[in-house]
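> Sequence:
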Amino acid sequence: EADGWPVTTILRGNVVVDNREFKAAAGSGQFIPRKVDAAVTNRPVA
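Sequential numbering of the sequence shown, starting at 103, is according to our numbering.
To be clear, the hints were calculated from the coordinates, so they are not data collected in a lab.
Just so you know, not all the hints are guaranteed correct.
SDA-like cross-link-like pairs, simulated, lysine to any residue; straight-line CA separation at most 20 Å [as the list claims (entries may be wrong)]:
hint, residue 1, residue 2
1, Lys125, Leu113
2, Lys125, Val147
3, Lys137, Arg114
4, Lys125, Gly115
5, Lys125, Ile112
6, Lys125, Trp107
7, Lys125, Thr111
8, Lys137, Val147
9, Lys137, Trp107
10, Lys125, Arg114
11, Lys137, Gly106
12, Lys125, Val109
13, Lys125, Thr110
Generate coordinates for the entire structure from the input sequences, incorporating the hints supplied.
The structure is reproduced here in structure tokens:
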């Protein structure tokens, strides 16, 4: 079992998020609404 949080997100060779900072250009993506699982929101923040 692994436990952690992504540090960097890369989309099609471009860094989109780095150390929780959004880096992508405005208008370069599409918002898709999602629900966050309770297992994520109910645990303490490190």
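> Now tell me, hint by hint, if it's right for this structure.
Verification of the hints:
Taken as a hint, the Lys125 and Leu113 pair is honoured in the structure, with Cα atoms around 11 Å apart against an allowance of 20 Å. Of the supplied pair hints, the one linking Lys125 and Val147 is violated, its CA atoms being roughly 24 Å apart against a limit of 20 Å. Only pairs whose Cα atoms come within 20 Å are accepted, and Lys137 paired with Arg114 is rejected, the gap being roughly 24 Å. Taking the CA atoms of Lys125 and Gly115, the gap is about 13 Å. The hint holds against a cut of 20 Å.
For the hint pairing Lys125 with Ile112, the CA-to-CA distance comes to about 10 Å; that is within 20 Å, so the pair holds. Between Lys125 and Trp107 the CA atoms are separated by roughly 17 Å; this keeps the pair inside 20 Å, and the hint holds. Taken as a hint, the Lys125 and Thr111 pair is honoured in the structure, with Cα atoms around 10 Å apart against an allowance of 20 Å. Proximity of Lys137 to Val147 is assessed by CA-CA distance (about 19 Å); at most 20 Å being required, the pair is judged to hold.
Proposed proximity of Lys137 and Trp107 is supported: the alpha carbons are some 17 Å apart, at most 20 Å. With a CA separation close to 14 Å, the supplied pair Lys125 and Arg114 stays within the 20 Å bound. Our distance criterion of 20 Å between C-alpha atoms is met by Lys137 and Gly106, whose separation comes to about 19 Å. Distance check on the hinted pair: Lys125 and Val109 sit about 13 Å apart at the alpha-carbon level, within 20 Å; holds.
For the suggested pair Lys125 and Thr110, the alpha carbons sit about 10 Å apart, so the restraint of at most 20 Å is met.
Checked against the numbered hints listed earlier, the structure breaks hints 2 and 3; every other hint is satisfied.
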